[in-house]
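Based on these hints, arrange chain B on the given structure of chain A.
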Amino acid sequence: MSRNQIDTLATTVSRREWLFRSANGFGGLALLAMLSDAALGSTAQSSRSVDPLRVRTPHHPARVKSVIFLFMDGGPSQMDTFDPKPRLTQEHLQPISMKTPTTVFNISNKVLASPFQFKQYGECGAPVSDLFPHVATCVDDLTIVRSLVADHSEHTAANYFMHTGSGFQGRPSVGSWLTYGLGSESRNLPGFIVLENGLIPPGGADVFGNGFLPASYQGTLFRAGKHPVADLEPAESAPELQRRKLDLLGRLNRSALDRLGPNTQLEATIANYELAFRMQVEVPDLLDLSGESETIRKLYGLDEDDTEEFGRSCLLARRMVQRGVRFIELLTPLRKGQDRWDQHRNLEEGHRTNARATDKPIAGLLKDLKSLGMLDETLVLWGGEFGRTPTAQIGKNIEEVGRDHNPHGFTMWLAGGGFKGGLTHGATDEYGYYAVENRVPVHDLHATILHQLGLDHEKLTFHYSGRDMRLTDVHGNVIRDLLA
Amino acid sequence: MAIPDSAGRKAEEHSFLRLLLLALLIPTACLFSQLHGAEISQEETDFFETRIRPVLVENCYLCHGPQAEATGGGLRLDQREGLLHGGSRGPSVMPGSPGDSLLIEAISYRDPGLQMPPSGKLSDQQIADFVRWVQMGTPDPRQPDWAEEQDPGRGIDLEQARAFWSLQPIKEPPLPEVDNPKWIRSPIDRFVLARLEKENLAPAPAATKRVLLRRVTFSLTGLPPTPREVEDFLADESPQAYGKVVERLLASPHYGERWARHWLDLVRFSETSGHEYDNSKLDAWRYRDYVIRAFNSDLPYNRFLAEQIAGDLIPEKRLSPEGDYWESSIGTTHLWFGEVLNSPTDPVKSRADEVDNQLDVLGKAFLGLTLACARCHDHKFDPIPTADYYSVAGILHSTEYAEEVLDSPTQIGRIAATHAKIGDLNSQIGTLLQPLPINLADRLSDDLLAAAEAIWARGEESDSHASSQPEPVRSWIQYLEEAAAEPDHVFYPLTAVLTSLREGQSFEQALAQVRDELTDLARGLDPQSRKGSSIEEVFEDFDKPSYAGWRTSGQAFGSAPRRDLPPNQSMRGAQVLALASSFGDGTNRLMGSLTSDFFETPKRWMHVRLAGSNEGGKGEEAKLRLSLVNSRHKSLHIMPSGSGHFEWQSKSLSVDRNRTCHLEIVDRDPTGHIVVDKIVFSDLAEVPKISSPPNRYVVELLNRSDLKSLRSLTSAYEDMLRLSRESSTSDRHSEWLIRSIFPFRRMEDAAYLLEAGSRHQVQLLAAARSSAEKEIPQSVFATVALDHRPHNVRIHTRGDHKNLGEEVPRRFLRVLAPEHQQSVTQGSGRLELAQWVISPANPLPARVLVNRVWKHHFGRGIVDSPDNFGKTGDGPTHPELLDYLASRFIDSDWSIKSIHRLLLLSSSHQMSNRISEAASKFDPSNRLLHHIPIRRLEAEAIRDSVLAVSGQLNRRLFGPSVTPHVSEHQQGRGRPESGPLLGEGRRSIYIEVRRNFLSPMFLAFDYPLPTSTLGGRGSSTVPSQALIMMNNAFVREQAKSWGIRLLSSPEATSTKIAGMFLAALGRPPSPDEVEDAQSFLQDQKELHLRESSPYQAKLGAWSDLGHVLLNSTEFIFVQ
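In order, the protein sequences belong to chains A and B.
Counting along the first sequence from 1, when you hit position 256 you're at 256 in the numbering used here, and nothing is skipped either side.
Heads up: take any position in the second sequence, counting from 1, add 484, and you land on the numbering used here.
Next comes chain A alone, as it looks inside the complex (with noise of 0.2 Å):
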């Protein structure tokens, strides 16, 4: 009846298989009861919306299985990462010669020079600030892109417009979009995680949400510490009283399936006690790390403080990767003393934290992925919700200088999933204020992702509203130039 994905694209995985498939939980009794003959007697229209995770058929082949974020929240600088500008050295707090647009604080207009040195690297000799040594490392694998183009000067609606492709709350994220297009490889665990550090972005945790999608394609947040995922541990202090207590929910089940009747719904109900069941279980193996070999610990920078936390988050993305997650986002570690990448002031002092936090784990992932074999089906994603002006925003004194938000121009990286590595894609002006030469708007970003995961950004949609929604709205094009 409605004409959304969970119809369009069903592969009609029959009920019975889906029932084997998550047969190794609690309550054998339940599923007994499920698979008796007098509960099979259900529709096939109604078999359909039984398992919203189930994997599905993409419009094309895909060339990638998982996307991992890394959200830079607040917003890197891009000309002093990956995009030099030498015109602001030799202008340094000259008035800058080009019309500005309207910024958020309207502070200043005088041109600020990098106070990063820049390098070649690699065999395509692509520029890269002294912020991200190890990161330089791997260029031949990036695909860089310096003509990124949004529409939002405000972190909240520029964090949604990353992630959903519109400014306003409410719409689904990215992840929520390809898990609910494709479903989740991994039995035991959600299709799209995110994992924080104790920073969440402006906008909330809807900037993960599933918006107008079903509940099932939302984000789930794994927090640093002890607790991983809200309400996963067992209360019970044995686990004999959490068991006996499922046994008897599911013969109390049983008897409700028995008196009701045949119901798809509820049947997913018992269902989802089963997987809620596993991941109590996968999430601490998941979270274990005591299996990874020193060299592995060292190659994502575990071994030191600066870089123990985002590490830990960049090795968990590959083990979830393994796992069959399809949508991992890792948002910027919280550093003491400093906003994000929001550098309104010190940017000197804080690019380099944030940089020293993140550098080594990135550059170990990479490697690791590689070394693995995995990059090619992992699409790895780098970059904030916006960048920054090439203009000063001047404080109380000088040394405190930083730049304010520039959605007009600015720079993100992919590696792997079928992307050209060594690759630099488009440019900004001489001060890297706008981008000029193949500018790349966000919804022609998160097109050429669904492209790579098999999906057709244009097929994909959910009726809500009247209209037939998609992650790019009403634009979008594939960008064909940054692919392998």
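These aren't lab readings, by the way, just hints derived from the structure by calculation.
Hints should not be assumed to be uniformly reliable.
To be verified - To give a feel for the contact side, a few chain A residues facing chain B, derived at Cβ under 8 Å:
(1) H155
(2) A276
(3) S465
(4) G466
Unchecked claim - Cut-off 20 Å, straight-line C-alpha distance, at most; resulting in silico cross-link-like pairs (EDC-like, lysine to aspartate or glutamate):
(5) B/K833 <-> A/D151
(6) B/K1524 <-> A/D151
(7) B/K864 <-> B/E528
Unchecked claim - Restraint ranges, calculated between C-beta atoms of paired labels, are given here:
(8) A/I398 <-> B/Q993: 48 to 54 Å
(9) B/E527 <-> A/S290: 55 to 61 Å
(10) B/G1126 <-> A/E437: 58 to 64 Å
From the three backbone atoms N, C-alpha and C, an ideal C-beta is built for every residue, glycine too.
Chain B in isolation, oriented as in the chain A frame:
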């Protein structure tokens, strides 16, 4: 994306013809080729799109867009024809020849008489790009679309569009004949049964009484039936038993709570603004209560709808149940539930976005129309031209939000009467205190001298010297010290002289210095030769006979600025002429606000001199504050410090600078007040040194020739006071002087100087005053709509607020409007909009509403897209039934309760969930309604049921929301202090809806995001649901509360078990289940005993059983 319908195709042909015609009129072949985007290479298109178009849009479209005639010399640069055709100066480009192109001439800034854009020269790179573009032959891929802009809505044939089923007038159909009349209990059954019989299907057998009771109790109240209610219903064997239950539930106050929540889904109810800081929306909860009351009192729905749009404007406004405030105005609060940006870089756009969201809700919730689709282009499917969108948008653009006091006339009268009494008492006290200043003045010279000498003697040491002095010298010392900071203070000369003396100057030098300083100031000159940036701009000093430029609400601030101060108000620092004071005639009880007109913030800093009490609140939640409001966002707040005297406070305006803002001075505190003296803008962070000229008597005083010593100066003060008092013409300067020469904080503080009799009088009057104060009722504030600057808006071409098309009148959607509708010329037009919406000529509101009610009772609507009755929505499965219900609805004076009765007392609603094989084959999705499907409860109903079953439900109605419980997993900006885990046991509708911190439990169970209308929630299955029910502390706590209750009950175990099943599932357990539960209890108890006391083990076992029942699928499903 869309297959164009016939209207769309027609439109395309139409504009194609236009294009052909245009081409023929331009004979040059070269120009003709320019019209064809197809002949441009990809490279040229890219060049245009990246280098040229953005610059044109950013710099040129505003003047050279569709309104070019008015502002841009007729030249249009938003279309390639315009560029070539040119404006009043002729063609703007000669393709291939930059040297001959006016456009290049203009942007090069060579000719001082022709420099474009006027806001500043483009960058060299941009100019070079344009030159190259002209050299390339001005390749321009823009489609010729101005024909569309000139004739908005051209392709829509309204007459034809009205033939669509949902726009047809409601016609009451005849009742269908059926084969099985025995089944018929309600007229609606005929429609349902006739349809089933047509397909040879039979309705499902009737549900059992238990099932029915649980179903209807959840349906109407969102709560499970209590075991007692189950027993009563089972025991009542009369044919009216079910009808009685329905009536009981409709009369329950919980009915309104349940159905209000359905409504709140439609209006994106939210109590915060989202975005970066998730600021609170004041008074949103009043709207929630308003809706609950409306449902409980069965307010006619047409009336309710009118109030949503114009509750403040409609004739016969509605009062609250107690008659103390205007209830109907609160209906408009929903307009302001949208997101609010913190620091929009483009406030015009964010306003347009806000209106769009308001229209989206208005369209979908009230009319079932996806109106917002017409923002950028004519609606692709429904008969809504963009012009009509902007006609209605004009009405909302003419509407502002306002934090208003809603006191009713009776309430106003009550407040005013008591207020008058207090004023009278205060003037009596004032009369008694009148000798005080005279007494003080007569000894002024001596007291002042004593104080001055004490200060001089102290030098830079501590100020403990004051306390060693007798009154009134002690008060004078404190007073003089405060005066030192204020050049317009009457005693500033004395303190300035003292300072200079301490620095070693002679009296003559000291006097000359302060005389020069004040003389300069009196002339308006700053002694420190001020720079341009340091010039202050006095925005408001309230030195005027009325609050011109401000709107008052409530009675606290009176009708005009005050000059006199009541005897119980602080005098300290009140060397001022005029004040905006919420202290009424000397009472803290009054509430109200002052709202300024809109203005553009002129400078970097705002400085406010104010006094008042401090109630400790922060941000917009402070009850006493002055706020700067920028694009609906209260961005800056200044709260009185509570020190009791006037102080300057300064705020930086970086984000708000050059923005259209307004100020609010608010007193929502029944026990406090705020007094504002001056509001000044400047470019400096320092407090303005001078904001009013020195008193002329003081300047005169300094020019006296006999001032030789401190003593002569203090004598001169005494003379001056005497003179001014005796002067026959009392002017403002003398008034001020008399009031200023008074060292006490409040007039009443000096009452001890009176003789005993008067003193006693003052005490008695003050006591009478405080008992009168207690009689003043509190005012009610709400955030409502207000007509503001009514104006038409222009079409935003392609939704772009920078690309304005023609102006459209304020009126209703033409397809729904009565013939020959009049456009709005006065006021915003909300009243007219309300009338149009509920007009009998508009069939949509009644159809949409009865369908919503139907959907909630039957699981799916007669129209399955409850918010979309347009072409992209679903058609009705039972069109006649829908119209029958709509007719009955209107006949019953739009009574929603009457629709409930009609539906609930039917056989259709009393079917079971049994599906026959034939039905499941023929109609598996139950479109024809052959059974009542099993449904999962909504998030709130699940939480409320948990509370009800555990015995923790607090059934209190109404009031401010309970702060949500926020776990460690909910982080981010704007995170509130966590509320209690149990939410005080209140029903979920009373838990505050904080946009960025919605309850994870609610979200797991498909709670809607408050972004737009949502008439149908999902019912998905996610592991977090199971995790929450198994492990979440709230559920576990409830299981434990239940366990404690069970443990303390004297009943037998089996009786307790039966009671638990009845409470949670609405049915008794089977004998097997009792046995199973008993052995479970035994086993759990033994397990618990390994690590707990016997009591804890027993409690653990009962809690575990309760927990299992709360987790059972039956608990969260209704049949």
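Here is what the structure says about each hint:
1. At about 6 Å, the closest approach between the beta carbon of A/H155 and any beta carbon in chain B falls short of 8 Å, and the interface hint on this residue holds.
2. Hint on A/A276 holds. Least Cβ distance to chain B is approximately 4 Å, under the 8 Å limit.
3. With a cut of 8 Å, the hint placing A/S465 at the interface with chain B holds, because the nearest CB-to-CB distance is about 6 Å.
4. The beta carbon of A/G466 comes within 4 Å of a beta carbon in chain B, closer than 8 Å, and the hint placing it at the interface holds.
5. Using a Cα cut-off of 20 Å, the hinted pair B/K833 and A/D151 holds, with the two alpha carbons roughly 12 Å apart.
6. Taken as a hint, the B/K1524 and A/D151 pair is broken in the structure, with Cα atoms around 51 Å apart against an allowance of 20 Å.
7. At roughly 31 Å between alpha-carbon atoms, B/K864 and B/E528 are farther apart than 20 Å, so this suggested pair is violated.
8. The supplied range of 48 to 54 Å is broken by A/I398 and B/Q993, whose beta-carbon atoms lie about 42 Å from each other.
9. The given range of 55 to 61 Å is respected by B/E527 and A/S290, whose C-beta atoms sit roughly 57 Å from each other.
10. A C-beta distance of roughly 59 Å is found between B/G1126 and A/E437, which places it inside the suggested range of 58 to 64 Å.
Checked against the numbered hints given earlier, the structure breaks hints 6, 7 and 8 and satisfies all the rest.
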